[in-house]
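Using the sequences and the accompanying hints, generate a full structural model.
Here's the letter readout for the chains.
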Amino acid sequence: MIRFENVSKIYPKQDRPALEGVDLEIVKGEFVFLVGLSGSGKSTFLRLILKEETPTTGSIVVAGKDLNSLSAHKIPELRRQVGTVFQDFRLLPNKTVAENVAFTLHVLGYSQKEINREVPDALELVGLEEKADRRPGELAGGEQQRVAIARAYVSRPAILIADEPTGNLDPANSVGIMKLLDRINREGTTVLMATHDSTIVDQMRKRVIELEGGHVIRDQVRGVYGYSG
Amino acid sequence: MRAKFVMSEVRIGLRRNVTMTFAVMITVAISLTVLGIGLLANSQVRVMKDYWYDKIQVSIFLCDPLSSSASCAGGAVTQAQINQIQSDIQALPVVQNVFFENQAQAYQHFQDQFKGSAIAQNVTADQLPQSFRIKLKDPTKFAVIQSAFAGRPGVDSVQDEHTILDKFFKLLGVLRDGALLIGIASVLTAALLISNTLRLAAFSRRRETGVMRLVGASSFSIQLPFLLEGIVSTLIGWGVSTGLLAGFKYLIDTKVSPLLSFTRFFTWGDVWSASALLLVTGFIVSSLSSVLTLRRHLKV
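Residue numbers (my numbering), protein chains in the order written: chain A, 1 to 229; chain B, 230 to 529.
Rather than coming from a laboratory, the hints here were simulated on the basis of the structure.
Small disclaimer: the values here were computed from a predicted structure and weren't measured.
It is possible that some hints are incorrect.
[What the hints assert, rightly or not] Capping the alpha-carbon separation at 25 Å, the derived lysine-lysine pairs in PhoX-like fashion look like this:
1. A/K95 - B/K284
2. B/K284 - B/K396
3. B/K364 - A/K113
[What the hints assert, rightly or not] Listed below are several chain B residues computed to face chain A (Cβ distance under 7 Å; list not exhaustive):
4. A232
5. F234
6. E437
7. M441
8. L443
9. V444
10. G445
11. S447
[Unchecked claim] Label pairs and their calculated CB-CB ranges:
12. B/L429 - A/G141: 35 to 43 Å
13. B/F449 - A/E138: 57 to 65 Å
14. A/G109 - B/S516: 22 to 30 Å
15. B/R428 - A/G21: 51 to 59 Å
16. A/S71 - B/I481: 56 to 64 Å
17. B/V247 - A/K113: 29 to 37 Å
18. A/D15 - B/F432: 29 to 37 Å
19. A/K179 - B/F449: 34 to 42 Å
20. B/I513 - A/D15: 45 to 53 Å
21. A/G109 - B/A475: 36 to 44 Å
22. B/R435 - A/G167: 19 to 27 Å
23. A/K113 - B/R428: 35 to 43 Å
24. A/Q220 - B/S516: 50 to 58 Å
Using N, Cα and C, we set each Cβ at its ideal position, and we do this for glycine too.
So this is what it looks like as structure tokens:
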């Protein structure tokens with residue numbers, strides 16, 4: 001589903017590479033944690049998958065698309081296959097919960113009939129069908145993140161990328177979000193989650209990729225956050 | 230994206246940026262009006278030229294006993310000279326028609342022109358010169374007549390009404406060029422304002438556009454609502470400017486035209502064709518400045 005072949009990324013005017021010699025594959029249906037300190041290259045890794053950045057050397061294949069040869073006007077097509085969730089939710093404050101979720105489908109050109117069918121399904125999945133008409137500002141942080149997940153998932157993307165989705169949440173809410181991501185993963189979506197949250201990583205016992213200084217220093221099936229010794 | 234969704238985003242955008250949208254509309258309205266007045270001034274100069282050039286003629290005044298110019302040293306013009314001059318005039322290809330005005334006709338003409346004035350009563354027919362009144366096919370070809378007849382024995386002077394009008398039209402031409410120049414400058418100002426407004430709009434909606442990018446909207450569908458906003462405000466501004474120009478024309482027809490009966494004014498047709506040109510100008514300027522701005526500030 002996602003394949004990095006000897007990928008390096010050096011940002012202009014920086015002598016140290018953000019990523020260097022990354023070589024790995026994430027297959028369809030996997031749940032993968034991406035861990036590492038700030039500045040270890042996690043964000044660059046995620047940005048490369050969405051082609052918000054291009055690698056300095058090496059090649060990346062996402063959902064069957066070779067990103068090096070993907071022309072600019074095909075980038076939206078790539079992003080439609082990759083749902084994204086962020087630490088800061090990135091909801092539209094002037095739209096209701098249902099409108100936020102529907103926004104994805106509008107952008108993708110769904111008919112109103114399809115939207116009326118898909119949005120309640122997605123809200124039910126995240127447990128917010130009761131709050132469809134509220135605005136994001138009226139919701140708690142955990143609920144807002146659920147809306148963001150519903151929005152990312154409503155178009156059933158093949159891959160879901162979550163960048164620190166629990167970073168702003170308390171432990172109880174974090175668990176709820178993780179259950180949700182786990183459920184989405186069980187329905188067949190590949191989930192890649194960057195996180196600092198060791199408790200979650202240790203509990204879930206999924207594949208863990210650890211970055212340090214732009215290098216993959218650990219790639220472990222059923223791993224934990226720190227070294228397991 | 231469906232058209233309905235795009236239109237609702239455009240509506241939200243126009244509402245959210247309402248002061249800037251108004252600024253764009255007003256600037257576009259004013260700049261297009263100024264440009265429109267320049268265009269109408271151009272039409273007006275054309276109309277007046279047609280009107281006046283159609284009326285003007287070249288006059289060759291012939292010597293009478295009182296003439297003092299060098300070519301009249303031989304005294305009053307003779308009939309032989311008159312015949313010779315007439316046939317020479319008729320031989321010129323630039324001449325459309327020629328009319329000989331004898332002293333009796335000149336007297337009549339004079340009496341008509343100065344009716345009721347004291348001068349009219351003190352003039353007698355023999356004080357007035359005989360003349361040829363020539364209408365040219367192309368009024369600008371006056372020099373041909375001037376060079377052929379000025380200074381010839383029997384010819385007192387060659388007068389062209391054209392030379393007086395030319396000064397007048399030169400002045401009008403300067404005014405028209407000035408109006409067009411100011412119009413173009415203000416249209417450029419409008420283009421810059423549209424560009425600036427869209428930049429602000431893009432900035433104030435970076436959250437939406439960010440989300441649109443994330444879920445895979447094409448750059449065209451991200452830019453479209455902004456582009457349409459620019460175009461909608463331009464169209465409204467254009468509507469206002471056409472209204473102002475039509476009001477201007479109405480004012481001229483009802484208030485100015487009755488006072489200035491010696492000339493004609495530009496027609497409604499001129500107003501509509503100026504308006505059409507303004508529409509095209511406004512559309513091109515606003516979409517061009519929008520596209521260039523959005524390409525810089527709404528990268529995908």
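Restraint: B/F234 near chain A, CB-CB cut 7 Å. Satisfied or not? Holds: closest Cβ of chain A sits about 4 Å from B/F234, inside 7 Å.
Starting from the range 57 to 65 Å, see whether the pair B/F449 and A/E138 falls in it by beta-carbon distance. violated, 34 Å
So, as I understand it, the hint says B/A232 touches chain A; can you test that by seeing if any CB pair is closer than 7 Å? Violated. Min distance 11 Å.
Is 50 to 58 Å right for how far apart the beta carbons of A/Q220 and B/S516 are? holds, 55 Å
A closest beta-carbon separation below 7 Å is what the hint needs, so does B/S447 meet it against chain A? holds, 5 Å
Using the C-beta atoms of A/S71 and B/I481, is the stated range 56 to 64 Å upheld? holds, 57 Å
Would you say the C-beta atoms of A/K113 and B/R428 sit inside 35 to 43 Å of each other? With Cβ atoms ~37 Å apart, the hint holds.
Does the Cβ distance between A/G109 and B/S516 fall inside 22 to 30 Å? Between A/G109 and B/S516, where Cβ atoms are some 23 Å apart, the hint holds.
CA of A/K95 to CA of B/K284, is that 25 Å or under? Violated - the C-alpha atoms of B/K284 and A/K95 are around 70 Å apart, more than 25 Å.
Between the beta carbons of B/R435 and A/G167, is the distance compatible with 19 to 27 Å? holds, 21 Å
C-beta pair A/D15, B/F432: status relative to the range 29 to 37 Å that was hinted: holds, 33 Å
Between the beta carbons of B/I513 and A/D15, is the distance compatible with 45 to 53 Å? holds, 48 Å
The earlier numbered hints that this structure contradicts are 1, 3, 4, 12, 13, 15.
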